[in-house]
Amino acid sequence: MIQSTFFYTTAIILFLIGLYGVLTKRNVIKTIITLTIMETAVNLFLVTIGYVKNGTAPIFTSTISDVHKFVDPLPQALVLTSIVIGLGTTALMLSLAIRLYKKYKTLNYLEMDGEDEK
Amino acid sequence: MKNTQGMVNAFFAFLLVVILGIFFFNAINQPLGNGLVLNKDNPDLSKRVSIHYILKNVHNAEDYLAQHKSSYFRNRDKVKSSNLEFGKTKNAESGSANEVTSIVVNYRGFDTLGEVTVLFISILGLGMLLHENKKKYWAKPSLIVRTGANFLFPFIVLFGVYVFVHGHLTPGGGFPGGTIIASAALLLILGLKDFKNKLTMTKIIESLAGLTFAGLGLVGLFTNGSFLTNFLPSGTMGLLVSSGITALIYIAVGIKVAAELSSGIMEMNGGGEE
Amino acid sequence: MIVLIYLSAIVMIISALYAVYAKDLLVSVVALGINSLIVSVLFFLMHAPDVAITEAAIGAGLSTAIFVFAIKHTERKE
Numbered sequence: 004m005i006q007s008t009f010f011y012t013t014a015i016i017l018f019l020i021g022l023y024g025v026l027t028k029r030n031v032i033k034t035i036i037t038l039t040i041m042e043t044a045v046n047l048f049l050v051t052i053g054y055v056k057n058g059t060a061p062i063f064t065s066t067i068s069d070v071h072k073f074v075d076p077l078p079q080a081l082v083l084t085s086i087v088i089g090l091g092t093t094a095l096m097l098s099l100a101i102r103l104y105k106k107y108k109t110l111n112y113l114e115m116d117g118e119d120e121k
Numbered sequence: 009m010k011n012t013q014g015m016v017n018a019f020f021a022f023l024l025v026v027i028l029g030i031f032f033f034n035a036i037n038q039p040l041g042n043g044l045v046l047n048k049d050n051p052d053l054s055k056r057v058s059i060h061y062i063l064k065n066v067h068n069a070e071d072y073l074a075q076h077k078s079s080y081f082r083n084r085d086k087v088k089s090s091n092l093e094f095g096k097t098k099n100a101e102s103g104s105a106n107e108v109t110s111i112v113v114n115y116r117g118f119d120t121l122g123e124v125t126v127l128f129i130s131i132l133g134l135g136m137l138l139h140e141n142k143k144k145y146w147a148k149p150s151l152i153v154r155t156g157a158n159f160l161f162p163f164i165v166l167f168g169v170y171v172f173v174h175g176h177l178t179p180g181g182g183f184p185g186g187t188i189i190a191s192a193a194l195l196l197i198l199g200l201k202d203f204k205n206k207l208t209m210t211k212i213i214e215s216l217a218g219l220t221f222a223g224l225g226l227v228g229l230f231t232n233g234s235f236l237t238n239f240l241p242s243g244t245m246g247l248l249v250s251s252g253i254t255a256l257i258y259i260a261v262g263i264k265v266a267a268e269l270s271s272g273i274m275e276m277n278g279g280g281e282e
Numbered sequence: 006m007i008v009l010i011y012l013s014a015i016v017m018i019i020s021a022l023y024a025v026y027a028k029d030l031l032v033s034v035v036a037l038g039i040n041s042l043i044v045s046v047l048f049f050l051m052h053a054p055d056v057a058i059t060e061a062a063i064g065a066g067l068s069t070a071i072f073v074f075a076i077k078h079t080e081r082k083e
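Residue numbers (our numbering), protein chains in the order written: chain A, 4 to 121; chain B, 9 to 282; chain C, 6 to 83.
FYI, nobody ran anything at the bench for these hints, they're computed from the structure.
To spell it out: a stretch of chain B is covered by chain A in this simulated footprint if at least three of its residues, at any positions, have a beta carbon under 8 Å from a beta carbon of chain A; those stretches are:
hint, segment
1, 99-107
2, 113-123
Here are the in silico distance ranges between beta carbons for each label pair:
hint, chain 1, residue 1, chain 2, residue 2, range
3, B, Gly122, A, Leu103, 28 to 36 Å
4, A, Leu103, C, Tyr26, 17 to 25 Å
5, B, Ala147, A, Leu103, 23 to 31 Å
6, B, Ala147, A, Asp69, 50 to 58 Å
7, C, Lys82, B, Leu40, 46 to 54 Å
Beta carbons are placed, not taken as given, at the ideal position from N, Cα and C, and that holds for glycine.
Turn these sequences into a full structure, and let the hints guide you.
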């Protein structure tokens, strides 16, 4: 269909947008949102490595049997793991953000001052 | 004063992003080594190691490597392989028709055990941090959601069970099947007026499913000599009862992920054990 | 088919920019959901159906719901 340079370019642009958001925003939840965009870009890059231009999906069915036209199945197995672990770390980061809000009453991490306990 | 500090930060971040962009775009076109370049049009899969996972001849490749030492790396497509066909091949090496499943559960099954452990640790941390959460207000949704939540719940659970039981024949598997069942639990939280958390039963189901996964690996250790081997026969490729313990492991993983994620969502909603 | 691929890439980049620059956190979360859905369509067009099902169920389903729960317990404006 299309050359895979286009998919590589999209993945790199998405990663750089996410990186800019992580570096400049001051809200904790917005940092977590842009971190999730970076993870999506890396997963897209990994799946593009195994892309064959006129291939088929790597599943044997009753009509598809030509083994030499399959798309590479190994990067897809790695990306399956990566998506699920991304969900796990996002859930843990959000629970930490909720606890931070309960203690300091603000979500701007430049205004959280750690007062010593008297 | 705060505004100029913010603008200086934004300028330096933008400069860093532009420089990194130039590096990344250049790195795609660099040669890989041995004179190869990252092939953009049609990568030749017989030069990669995934050709053995596609043709299902990993054991033959190990024998070839032990025999021919280092000329194996140039002749990957000369390893012997058998003909694979849907519904006719008997006792192939890993007999599932879905090749991504045979990599995730059979050839690299230990990585899946590690992934299940990481998911368990993160939901454990979430449960510990949010346990004394008070329940917020429940906003009453429209009539469609209230009726649909009561009516649609068993159909969504049935669809989720279908996805992870047929994981070795169709795309899907344990992880999206478990997530679909957890989204059915989310529908109940949003739609019912007096929803009570059921955390104890969910945690017991999750622990039993995790023990089943590890127990299947240990049975392989005591009968065949290494952890997570396939001790059941492979059967015909394409039937529902085939491919050894791949189907059993995906059922255990599906139940575990479903119970884990629904208990995580119940903890985030708040209210404690009732 | 080629027009579909170009359109999906443009919608993905616009929604990612929207997620970074919006002032209301709920708008950012909805843009993240759109991003995950369009990436799932791209995975399907690259002949990877397993990855597409997993990304659609997790990214556009549970991840958005968990973010909305977190915003409910904290503030909504940035």
